[in-house]
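First residue of the sequence shown: 10, per the numbering used here; consecutive thereafter.
No lab work stands behind these hints, which were simulated from the structure alone. Since the model is a prediction, treat every value here as computed from it, not as a measurement. Hints are supplied without guarantee of correctness; some may be wrong.
[What the hints assert, rightly or not] What follows is a list of derived Cβ distance ranges for each label pair:
| no. | residue 1 | residue 2 | range |
| --- | --- | --- | --- |
| 1 | 224 | 123 | 22 to 32 Å |
| 2 | 190 | 83 | 21 to 31 Å |
| 3 | 309 | 147 | 53 to 63 Å |
| 4 | 305 | 272 | 14 to 24 Å |
| 5 | 299 | 78 | 29 to 39 Å |
[To be verified] Below, computed lysine to aspartate or glutamate pairings styled on DMTMM-like, alpha-carbon distance capped at 20 Å:
| no. | residue 1 | residue 2 |
| --- | --- | --- |
| 6 | 84 | 182 |
| 7 | 125 | 190 |
| 8 | 106 | 285 |
| 9 | 228 | 305 |
| 10 | 271 | 298 |
| 11 | 271 | 227 |
| 12 | 221 | 274 |
The beta carbon of each residue, even a glycine, is placed where N, CA and C say it ideally should be.
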Amino acid sequence: MMNETEKTTALVPSVGADGGQPLHNSTAQSIPDENTEINPPEEDLQELYRRMQRMTDPHYLHTVSMTELYQTTYKSRPPIIDGLLYAGAYILAGAPKIGKSFLVAQLAYHVSTGQKLWEYDVRQGTVLYLALEDDFGRIQNRMFMMYGVDDTDKLYFATVAGKIGNGLDEQLENFMREHPDTKLIIIDTMQKIREAGGEAYSYASDYEIIGKLKQFADKYCICVLTVHHTRKQPAGDSFEMISGTTGLLGCADGSLLMQKKKRTDLESTIDVVGRDQQDQILYLRKDPETQIWQLEKTENEHGGKYAHQIFERQVRQASGRIPCQL
């Protein structure tokens, strides 16, 4: 039996993960287990300090080695319409009065309702359609002609908006705060949101306007589709017909070029190019009563699988990790 003095001076058993090792006096050395954090040696601290100095240098260039590149799983751009539209900045270009507004109205309706578009699966979400060359009466007639009374509360229209860099940015930010489930914003047309000026069609200004839309699309992981016109002059590459400079196509994540042989034709083709999808050609035919475009056939690149999908599968097999999806 211990007396009271012996009880107060007795060693107290540890309650740590090692279960039962007694605590010694405060000056005793203990052997750290594998979970114990060990302070890095002085040279590691110096290297960390040098690295922090490099990163705060205004001339610091961030680089990634090939090994780090292969060992990292990056987020892929989520599809809005599988194989057709992905998160990012897109351009739909075509001659005036060939059916672009009916086509983007069709895209907007399918994304807002989640209904499959032709052979493409759709990710449902709120859609904002800036119909800046229309009025609400004309939009009402168009949508009723196409879809009758089958309306949706996830498709919003506006006929007046600010310019890019002068009001539109804040308007779109406010809309995203009110509708965080937004998947698609359509701007019809580009000319309505750009500031008039002497360099309206310079490479730099074209690249800048798409760059700002791309930055916004990337921030919210949505698709911003801008309607634009083509020039009348023929070109060796059909995408060179897009009005303006190559800065538009160079900055965009994808482009859709709509063409007809004659403006009165019911048939149309759409050439689709993009960073996250196969190049393809869609052959469409318009229903003369509803003005809805129907897909007749597609032409795709050979191979069928996108390079980034093959790479993601290899990464998953090698590391046991599934690539992140937004």
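query = Between residue 224 and residue 123, does the C-beta distance stay in 22 to 32 Å?
reply = Between residue 224 and residue 123, where Cβ atoms are some 27 Å apart, the hint holds.
message = For a C-alpha distance cap of 20 Å, please report whether residue 221 and residue 274 respect it.
response = Given pair residue 221, residue 274 is violated - Cα atoms ~36 Å apart, limit 20 Å.
ask   = Would the pair residue 125 and residue 190 pass a check requiring their Cα atoms to be no farther apart than 20 Å?
value = Distance ~18 Å between residue 125 and residue 190 Cα, so the pair holds.
ask   = Is it true that the CA of residue 84 sits at most 20 Å from the CA of residue 182?
value = Roughly 23 Å between the alpha carbons, so the hint for residue 84 and residue 182 is violated.
Given pair status - residue 227, residue 271, alpha carbons within 20 Å = 37 Å, violated
inquiry  = 21 to 31 Å was suggested as the range; check whether the CB atoms of residue 190 and residue 83 agree with it.
reply    = 24 Å, holds
ask   = If you check the beta carbons of residue 299 and residue 78, does the distance land in 29 to 39 Å?
value = 49 Å, violated
ask   = Does residue 106 pair with residue 285 here, judged by a C-alpha cut-off of 20 Å?
value = 29 Å, violated
inquiry  = Run the distance test for residue 271 versus residue 298: straight-line Cα separation, threshold 20 Å.
reply    = 19 Å, holds
query = Has the given pair, residue 228 with residue 305, been kept, meaning a C-alpha gap of at most 20 Å?
reply = 35 Å, violated
inquiry  = Against the range 14 to 24 Å, how does the distance between the Cβ atoms of residue 305 and residue 272 compare: consistent or not?
reply    = Given a distance of about 19 Å, which is inside 14 to 24 Å, the answer is holds.
message = Looking only at beta-carbon atoms, does the pair residue 309, residue 147 fall within the given range of 53 to 63 Å?
response = The hinted range 53 to 63 Å is violated for residue 309 and residue 147, with Cβ atoms some 36 Å apart.
Taken one by one, the earlier hints fail for this structure at numbers 3, 5, 6, 8, 9, 11, 12, listed in ascending order.
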